[in-house]
Amino acid sequence: MNIEPGRCGRLEQALRHRRDAGGKCLVPYLTGGLGDDWLQTVCAAAAAGADAIEVGVPFSDPVMDGITIQQANEKALAQGATPQRILSELRSVVTDIGVPVAVMTYANIAHHMGYERFASSLADAGVSGCILPDLPLEEVGEWAGCARSAEIETVLLASPTASEKRLQMVCERSRGFVYGVGLLGVTGVRSELSESATRTAARLKKLTDRPVLVGVGVGTPEQAAAVCEAADGAVVGSAIVARMLAGAGPEGVAELISEFRAALD
Amino acid sequence: MTELSEAIPVPSVPSGLMGEPSASGRFGDFGGVYVPETLIGPCQELDQAFRSAWGDPIFREELNSLLATYAGRPSPLSECLNLSKELGVRVLLKREDLNHTGSHKINNVLGQALLANRMGKTSLVAETGAGQHGVATATAAALFGMDCVVYMGSVDIARQELNVFRMRLLGAEVRSAESGSGTLKDAVNEAMRHWVSVSESSHYCLGSVMGPHPYPWMVREFQRVIGDEARHQSAELLDGGVPDVVVASVGGGSNAAGIFTGFVDTAAQLVGVEPAGGAAISRGVPGIVHGSRSYLLQDEWGQVQEAESISAGLDYPGVGPEHSHLAATGRAVYKQVTDSEVIEAFTLLARTEGIICALECAHALAWVSRARSELQGSTVLLNLSGRGDKDVAQMMGLLG
Ligand SMILES: Cc1ncc(COP(=O)(O)O)c(C=O)c1O
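Keeping their order, the protein sequence lines are chains A and B.
Reading the first sequence from the start, the letters are residues 1 to 265 in the working numbering.
Reading the second sequence from the start, the letters are residues 1001 to 1400 in the working numbering.
Just so you have them, the derived chain B footprint on chain A, three or more residues with Cβ under 8 Å:
1. 131-142
2. 156-168
3. 180-194
Label-pair ranges, simulated between beta-carbon atoms:
4. A:Arg117 <-> B:Ser1015: 30 to 40 Å
5. A:Ala123 <-> B:Gly1120: 44 to 54 Å
6. A:Arg117 <-> B:Gly1377: 46 to 56 Å
7. B:Gly1240 <-> A:Gly145: 45 to 55 Å
8. B:Gly1330 <-> A:Arg117: 21 to 31 Å
9. A:Thr95 <-> B:Gln1394: 52 to 62 Å
10. A:Arg91 <-> B:Gln1048: 38 to 48 Å
What the hints contain is simulated information worked out from the structure, not anything from laboratory work.
Think of the CB as a built atom: it goes at the ideal place given N, C-alpha and C, for glycine as much as any other residue.
Taking the hints into account, I'd like the entire structure generated from these sequences.
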């Protein structure tokens, strides 16, 4: 089941590179279009040690997100964020930041533009991967076909309560990495890492050679380090977005990302 | 339902519509299971449980008995002599307003509560707009001894305080959905977010024919009792015939789906009526939200737009996927009415027939009233989905 590293996309290559060198992957999530300096924040996050950056394209009804990312979505939309604006701004920095970018949004944003057009506009913007959490295995086929044609890596989510067989299917069809969901719930910082986070990572690691990252409920450097005892890396969203919402600016966000980086190294 | 009505042959036009959805949970191009992986397990569990229960005569018997002895079914069919004279259209009302808790919502809720009980769930989660579905769910939870959490938009909490108090009286916890527009769509988001974390012990009791598979199908099946009864009742009244037109209001579309199932295989024209400010079928384009692909009001980027209607129960930017399919195939048509037409219809029914109806079903009557010249001499069956007690305070503010 080994995949030739040369044949996988930029996102997977970058994560494999970190992992195969014995490191742990850090993928911060930032809400696109949030504040005037979100693009500088993306650059600062890359410089602070992110292996890839997840950029959220805001959606009006983010059903998998908790209050922090909901508020960020609402605020960015009120500030006039659109998929087109976010992508065209991203295009201006994506080659300079040196790490791949994955876009995270909801199915309707892609569906409304048309899957083919959305996939090609991601590619035009230099984006490597895409996460659409409301496209489970049952619904992802049509999108995945369009994404493949545009050489966009579609990252699939794996649920803590999924059967072994379903996890296997997710691992086979996911590109870039396999996104283990840390707990049964929405995004948001919790006081403790759920026991299901490491358990899910360990189950996934047995099934795939692809990088396994865990996100949702990974909110502190300590929690990230803990989940990485089983996982190849962590996706950190709400903790970072909360900093953005608090007006910490690119430096404040970079500082937090450095703390996560230090905890994983 | 008498012996006689069973014997009367009714013209039947096989349509292949309103049966089971496809294996992928679709009605034509609409429906599906657009939920995060973490909700796939609960949706699959529910699909299996519903299939097994619906095929089990004991479950059906239990549900029928509850509907009869607790909800008060069958609901009567009323012929509106005064209104008919005024409009020049023969109007028959299917009286869902006379059910326990005052609307058709109880049909679905008793079905789901019985199913949840059979699945070993100990609590119910629901969303509500006008509060009717929330009250019905809180009622069923009390009856079955289950815990109940109801999400309601902050705007709706303010405009339907009586129903909020009812739910609390019934022992439910009402939680305010503050995000977005503070209406039904946001309450659905919150209910789904909550369900992810409690699905092992909780059943999500969705209130309309929307959401991911199996909800649109299951809720329609639980509401088909409206159509089945009305088919027999109208045959009895119409010498074995069917009405020319069957009309119902459409929010998510459950009362309409319920009555349409009884007539989809006849020559009756099926008409759904949406509020002009929430006309997903007439003004929307296909989109994906709340678990299914269906017509949806959205902006040029696919952001879901806020609906705006005088009636909280129809204040929803989407519509159940089966209605999108019925519209696409042309088997049903969907019309829009304005808030002022609705207020007029609401007062018309009160004045002519002595029935204060819910603002939702006043939409259906508003269309009949507007289309009366085309409908002259025909027979219209209207689903009177609920009673208007909940809306009286709001009307008092508007009409003085
Ligand atoms: C009386 C009544 N009718 C209709 C509706 C609309 O829902 P649906 O379209 O699912 O019947 C509601 C919703 O709250 C209602 O309370």
